[in-house]
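Go by the hints and put chain P onto chain W.
There are 2 protein chains.
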Amino acid sequence: MRYEEAGVHIEAKAEALRRAKAQLEATYTPEVLRGLGAFGGLFDAQALKGMRHPVLVATTDGVGTKTLLALEAGDVSGLGFDLVNHSVNDLLAQGAKPLFFLDYLAASRLDEEVLAALLASLAEACRAQGIPLLGGETAEMPGVYREGAWDLAGTLVGVVERDRILGPERVRAGDLLWGLPSSGPHTNGYSLIRKVVAGQDLEAWVPELGETLKEALLRPHRSYLPEFLRLEAARVEVHAIAHITGGGIPENLPRALPEGLGAEVWKGSWPIPSIFTYLQRLGGIPEEEMYRVFNMGLGLILVLPEEEAKEVQALVGGFPVGRVVLGEGVRFL
Amino acid sequence: MRYEEAGVHIEAKAEALRRAKAQLEATYTPEVLRGLGAFGGLFDAQALKGMRHPVLVATTDGVGTKTLLALEAGDVSGLGFDLVNHSVNDLLAQGAKPLFFLDYLAASRLDEEVLAALLASLAEACRAQGIPLLGGETAEMPGVYREGAWDLAGTLVGVVERDRILGPERVRAGDLLWGLPSSGPHTNGYSLIRKVVAGQDLEAWVPELGETLKEALLRPHRSYLPEFLRLEAARVEVHAIAHITGGGIPENLPRALPEGLGAEVWKGSWPIPSIFTYLQRLGGIPEEEMYRVFNMGLGLILVLPEEEAKEVQALVGGFPVGRVVLGEGVRFL
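So the sequences go chain by chain: W and P. Numbering follows UniProt numbering, with no gaps: position 260 of the first sequence is 260. Numbering follows UniProt numbering, with no gaps: position 328 of the second sequence is 328.
Honestly, the hints are just simulated from the structure, not real lab data. Certain hints may be false.
Identical chains share a label here; the pair holds if one copy fits it or two copies do between them.
Computed list of lysine to any residue pairs in SDA-like fashion (alpha-carbon distance at most 25 Å, straight line) [to be verified]: (1) 310 with 290; (2) 195 with 6; (3) 97 with 48; (4) 267 with 2; (5) 195 with 314; (6) 21 with 329; (7) 195 with 236; (8) 13 with 73; (9) 49 with 97; (10) 49 with 32; (11) 267 with 208; (12) 97 with 36; (13) 13 with 258; (14) 97 with 317; (15) 97 with 111; (16) 195 with 278; (17) 195 with 12; (18) 310 with 328; (19) 195 with 9; (20) 21 with 258; (21) 49 with 161; (22) 310 with 164; (23) 97 with 332; (24) 13 with 237.
Next comes chain W alone, as it looks inside the complex:
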């Protein structure tokens, strides 16, 4: 018996990695001392010595079952953006900026074409954010994954000055909640979405959406790094940031609030993208369930002093969507 007979194809993986090598290396910044092929990636951290008090920030995330929809629709080119941008937003929620990224790709069988496309998407997404892809792991696991299925996860490491960390400690009662629009469901709720759209033609133009389901559902998770940098450059005071992912506003907004403070969120104060109302109708999903699963049109919620609202609006757009109040949890008004 040989390893090939056990369903593991060492050569197919090596070949896809060879094909993507130039794209992956194009993400490198001068800080990358050793990348692909090493036992671990090396990132020059000398710049941290110039900081007052550096704090490393790290987050691990996956794309979830959006991969299944992308594979079904025959287009995985957005998944790298989903993964990288999701992670970037998790760092922003701490006030941190990215240093480097590592990916984890796994499947029952490493199809060379899919793997090459995924690596290309990851590399492109990293380049778009200016983040080197420092390393990663690609694993073939017959018996763990369903035939044809892939998982896509990754880890982003960044840095922030200790006295610039955002979070609950800074938040005050009366702070304004400022929502930034999402590009769609981002990477959350896709197990439900797949049930709801099962049997639908993903390629058909849908009048209510003004586009196809494929376009609406595969649009990548948006990164708010440009907006964050613009606010930072203008020295806008932000107290905390909630990244609205799995669990929606009710689960994620409280993570940005201290004990003793809650939030009131004003329904109707921002436009709900038509993909959500479409899914709600098609699936007969109760409204409160919609808010518990999806971002409902807000990808990021900034918590900030009311005085900053005017400048924020001018700099990055978005909507006033609620306020921090005494109490606990999130109340929709």
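What follows is chain P alone, placed relative to chain W:
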């Protein structure tokens, strides 16, 4: 339709995380400013400012299909050690020491008991190595994973002084290869192992092994951090380190060698654990395939000047297993 009907159980995950909270937090060091529950973990990096020239090192790895064997055998308590220790060794190969770890757990359905056991194992493994578990992601993905299957991956970030980075640049022709014993197959070759032992009683005592298959096959990946620290404290000169993982000695040893240099490896110079010869016989696996898939008893190979051999032997044990020679690749003698 509700999210539960799509196969996603938000509450079961929350409950398992609540149960494991104290264990996970017990891994924290004073550097952890924000851990579990945050959008990203925060790690105080002020100590890096005291270094001459800090270089961050990061590695992402998975446990592979060893998870399937552990689930079949009803004992996942070693998998956290597999994951963490594998990652630690990848850092050592660069001369780096760990700072913090993040995990990624995914399954078709998050069984609360299995998840709690995996988190406990991860926490215990991190504590044993003195590494805080700074964050992670736990994902339920119906449709991606096979029923009952889990995947377990993670990312370790560490640091090394720039002038202490180990690697090919330091290696010279004539350097000695010094092998440190593995504890078994570690985390590699398990797709093949599962094929070979299919139908065997994992709980039966096997005379050739002196233990059960379950014991021999689930023994965790060994960490060589204690040995590394002992060599460092004694200022032993090490040029490079190869972590022998997937692809065995032929794939991993060359990663520690520069262009123009290869290695001769002396077969028989170290004891091959009986689990390997047992698998070879049972599966009718060609010898050269065995060496291409398994570590064959060597978990780490140090590349060092011959003069250091005596001290290395006294400090950490192990065996002289070969030599660096002019040429390319690995030649077994």
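Taking the earlier hints as the rules, which of them does this structure contradict? Hints 1, 5, 7, 15, 18, 23 and 24 not satisfied by this model.
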